[in-house]
Structures are given as structure tokens and as C-alpha cells.
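Sequence order for the protein chains is A and B. The first sequence begins at 435 in the numbering used here and counts up one residue at a time. The second sequence begins at 518 in the numbering used here and counts up one residue at a time.
With a straight-line cut-off of 27 Å between C-alpha atoms, the simulated BS3-like cross-links for lysine-lysine are:
id, chain 1, residue 1, chain 2, residue 2
1, B, Lys645, A, Lys612
2, B, Lys601, B, Lys723
3, A, Lys446, B, Lys641
4, B, Lys638, B, Lys693
5, B, Lys723, B, Lys739
6, B, Lys601, A, Lys612
7, B, Lys641, A, Lys612
8, A, Lys612, B, Lys646
Every beta carbon over 12 Å from chain B, so not counted as near; a handful from chain A, in silico:
id, residue
9, Arg512
10, Thr530
11, Lys561
12, Ile583
13, Leu586
14, Asn700
15, Pro705
16, Leu756
Away from chain B, derived, C-beta distances all over 12 Å, residues of chain A:
id, residue
17, Pro507
18, Leu562
19, Arg572
20, Glu692
21, Gly697
22, Gly748
23, Phe772
24, Ser773
Please keep in mind that the hints were generated in silico from the structure rather than gathered at the bench. Note that CB positions come from ideal geometry on N, CA and C, so glycine has one too.
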Amino acid sequence: MKLLTHLRRSAKRLFAIWHARNLEFLRDRTSLVFTLGLPVGIVVAMALIFGGPPRPLFKVGVLGDVVTPASYPFLGERYFQFVPEPREAAAIRSVTRNDLDLLLDLRQRPVRFWAIEDSPKGYMAEKLLLQADSQAQRQPTPGVATRYIDWLFPGVLGMNMMFTCLMGAGYVVVRYRKNGFLKRLSATPVTAFEFLSAQVLSRLALALAVTLILFTGIGTVIHFHNAGSAALLLLVAVLGSLSLIAFGLIIAARFASEEVVNGMLNLLMWPMMLLSGVWFSLEGSPRWMQLLAQLFPLTHILQAARAVTLDGAGPAAIGADLAYLGGTTLLFLGIGAFSFRWRPE
Amino acid sequence: MINDSLLRVDNLVKQYADNTAVAGLSFQVREGSCFGLLGPNGAGKTTTIEIMEGILAPTSGTVQYRGAALGERFRAEAGILFQKTALQDFLTVRQTLEMFRGLYDHGLDVAEVIRLCALEKLLKRDNKKLSGGQLQRLLLGVALVNDPAILFLDEPTTGLDPQARRRFWELVESIKAQRKTIILTTHYMEEAELLCDDIVIVDHGKIIAQGAPQTLLRQHFKAVLLELPTEDWTPAARELGLPFFEAAGRVELTTNDLEGTLRTLMQAGIALAHLRIRPPNLEDLFLELTGKDLRA
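Generate coordinates for the entire structure from the input sequences, incorporating the hints supplied.
Below you can see the structure in the form of C-alpha cells.
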């Protein structure tokens, strides 16, 4: 009963801080416009890059000398872009990467072709080819292909999540400490853990909103396909955001200088950006680098997100990543609350 | 020993690397009284009050609230108006009061706080758009949301214009009327004399006077003060051997023999048209005890 009363009171205080922080954020027009404008801007930029006027539906590589529809009628089909390919091996690799939907070898008859079986565009291109030339012979393609954008997309989301989580909550706490608002709160019954939890939850709502805008916006533009469960992906986003926000709060727990905190946050963010697999896989890199990367929450966010979106992984497959994110959230919050200072030292 | 003391300070010491801010203070604050902690800049009063508020840890010594160390009960029952407090810029006055009210289990209705601090016309205004006096009223409201048993006011009227200062005094008087215990630090002796039942004057981290303002005045002054404009204080007057203090365009003489001093001045031909005779006040006592040199 006593515990329940304590929890109720704690929740009440936490709610009061959480609510006020949200109100403050919404009233800070500059910050609001910037924070919400940024993802919209990214959506627009991605739309410009990947959207635009109608483009050829299929990109087909062609091995062989200069060819014309006269010599091979399929080359006259509309909505196809035919790209001369000088080297066979490189061209096949382009097919497996989905840079090409189909590769034709016109150097011999019957014509040979390569296409990714489970690629919708490759499938359609193949159907149209066989309709035009029933003698064309499929050749086996090594490996399974994935669109780079599909692989990159979780990385872009994760990176944006990292900026939103680490920078936002950290700076707010530093500002509060610097201007004395924290000192005022320290004279109330609110505890450091309650205060930090309120900041985490307030920032979490924002991080999820921004991620949702990006996911929906860019996902629509690039026709992103999530092979797994959307709910599981949301869980990854929630736990990942919590871990990153709590990570940022460790830095903000005692400093009163934005410059110091800015430097320290950059120190955290750059290695994460480079080593967590945002832009490229760490496969083949030194073992120590891979181990170091495993310490970063962002690495586990991306591992889990890609496993869900690209491989359709279930909870069991990403359980270790989820546990790491949940565990680090509690660990970081604990460290933050322990080292927290209400006033500048 | 004061039996009805609400707050008790014993042998309080605060030592920093390069100085001793508080050097063994002991005093008690009676429940329902307004207690003034006075001292010149750097005397250690803000350090002392912050230790009493539980914001700062002492190097040694204790502060007890209702006979126990400062803890949860104290935080729930204390209201604090710091010397400098920032609030959340983009919250309105009402939202700020509601937020702070949400931090306490017990307290006043926000509407009651609004009425007490005369904030009715400011409810929708952002904190950052308040004037100095309005902000102090809001901060007083924040300090009152938990219906505190003890209220700390650390230089609450510093920087306010005379009207705002008097308005604030009225508010404090109304809080006093509710028999709440108030601990006040101020640079305005007029304010302390008006509001405080007991005062402690500290300097260099030590108590140099303690008691009710009128009692202290009676103890330290048997005399009256004579004030003259500096231009009337001729070279001949300076040769009379009367002890005087000169500052801010006026000369001040303290005497136990009013008639004799007046006779001496008249015989020396000093113009007395602008002479002002008054009893000493708390400011005189303060200057008497802490000296008249400028403090850093």
C-alpha cells in the first residue's frame, strides 16, 4: 500500500514535469519549426532525388555490340532503359545489387539473360522479355539481392533518431542547470530519477513522431517494403530512442556548459555514425572495430531494424538487441540519476 | 533555548577552498515569526540560507526542521524564493503554477495562489514577458503552491522599483498574517525593520547581532541622529571636534546630548535651516555594526 502510494505520487510528479516540458517545447516556435521542419525537409529532399517525373520502369543492361530494335525487337519496348554493359561479371553484380533489373547478352543466339527471381521488377522485365523472345534463356544469379535504399533506409532513420535523442534532451537539461531552473526544482520533492525520466519520455514522444514522419514519408517515396512486423519495428524504435536519450542524459547530468556538452555529444555521435553501420556494413573490418561498434546503442537499433525490415525477423531473432537496448536504457538512466547535479559545480 | 523553534541551526560551517563563508553560526527561528538574516555583501548570508534550504551541504554543523534533519518533510513543507530563479520561458504564468503544484501532494489551489499573489491579469502571459515585479510575484506564488509552513525569501525585492517593492511587502504581510514562518534576507533595512520580528546580522560568516529590531536599536543606540547637507558643514564645523560621518551629500552626527550639540552648532554659526533630527533605524545599526566601507 505504501509502495503504491509512493508510486502514485512519483507518477504524479513525473507527469507534472513531463507535461510542462511538452508545453514548453510546443511554445518554443523556433525549436518546434526546426525540429519538425527538418524531417519534412528531408522528405522533400528524398522526394526530389528519388521521385520526380516518370522514369523508365525497368533498367536493362545489354552485353554486346551496338544494337537496335531492328536487330532485336525487344529493345524497342517502351518504359525500358537499355544500358550498354562492357563487362559481363560487373554487369551480373549490378543485377544482384538491383542496380539493373535485368541483364541481356546479345552476343549469342539464343539470347541469355540474368534477373533476380524475387525482385518484382526483375520478374516483370523477364515476363516481358519472354513475351518478346520466347527463346531467351535464364542464367543463374549468385546470391540474394537487396536494394541499397532498403538497406540504407533504417540507417537514415536511426541516424536521425540519434540526433533527435542525444542533442535534444541533453541541451535542455544543460540550459535548465545553467539558468537555475534545476536549482529551483531541487527545492521540491521531485527526484533526479523522476526529472530525468520525464525528460526521457518527453523526448521519446518527439523522437517517435519525427521517425514516423520520416518512415512514412521516405518509405512512400522509395516504396520501402517492411518484410517484418510493424509493431516489432515500433518496439525497436521505442527502446532505441529510450537508450539514446538516456545516453545523452549521462553527458548532460552534471555540466552547465553547452559547449562542453556539444563537444562530448559529438564525440559520441561521430563514432556511432561511422561504426554503427549507418552507411556501410562493418563486415570485413577489424575485429576490435566490430566489438567497439557493439557497444553503441545505434548498432543494435540498426541490426534489429534491418533484421525486421529486410529479413522479416521475429522477436526471438532480435531479442538480444532489444535486451541490450532495454538494459542500457536502465543503466544509462541509473548512471545519469546517480551523477546528476541540480546546480553547476 | 526557544521552545517553539521551527528551524534550528547549530554550529554551521561552510568552508571553501579559499575562504570560510560561514564560520560557526547558531540560531533558532520561532514558528510563526518573520526572521531576517542580514549582512553586507559577502557576509555569508546566501550561503547560510542555502544550507538552511537544503540546497547546499554544510562542511559541518546541522540544520534541523521540527527537530529532525532536513528531509522529505522539509521539502514538502518549505516554500523557497531564490535570489535568482529562472522558469521555463515558454510556459504561461498559469501553466508554471500548475506544474509546480503538480510536484506536491498537498498545497493550495492554484486559483488561491493566483489570488494571493495578484496574478489574475497575467495568467496567459509567458514567463519571459513578465516585468521584474510581476516575475517576483509569480515566484512568490511558486513558493506558495504547497501552502508552506516555512517560507524562504532570499532578497525578494532586489531590483524592484519602489512601487513593486511596496506591493511585495503587502503580500508578505498578508502571508505573515497567516502565521507562516518566514526567513528573509534583504539589503533593504527598511524592509527588514518593517517585516521582521527577529533578525540576525552576520558578517564574515559570524553573527554580530541577534534579536528583535527594536531591542537591538535600544541596545546599541542611546543617541539621536542629526543630518545636515554637506554644503552647510563648513570648515569651521569640521574643527568643532564633533564625531561625524559624511556620505552621499550629507553629514551625519550621532549624539546623546541633543541640546548641547545644537548649542555648539549654533554658536559656531552653522546654518541649521536644513537640519534633520531623527531616531536611529536599522540601517544605522547595520552600518554601525558592519562598518561604512564599501564591500566587494
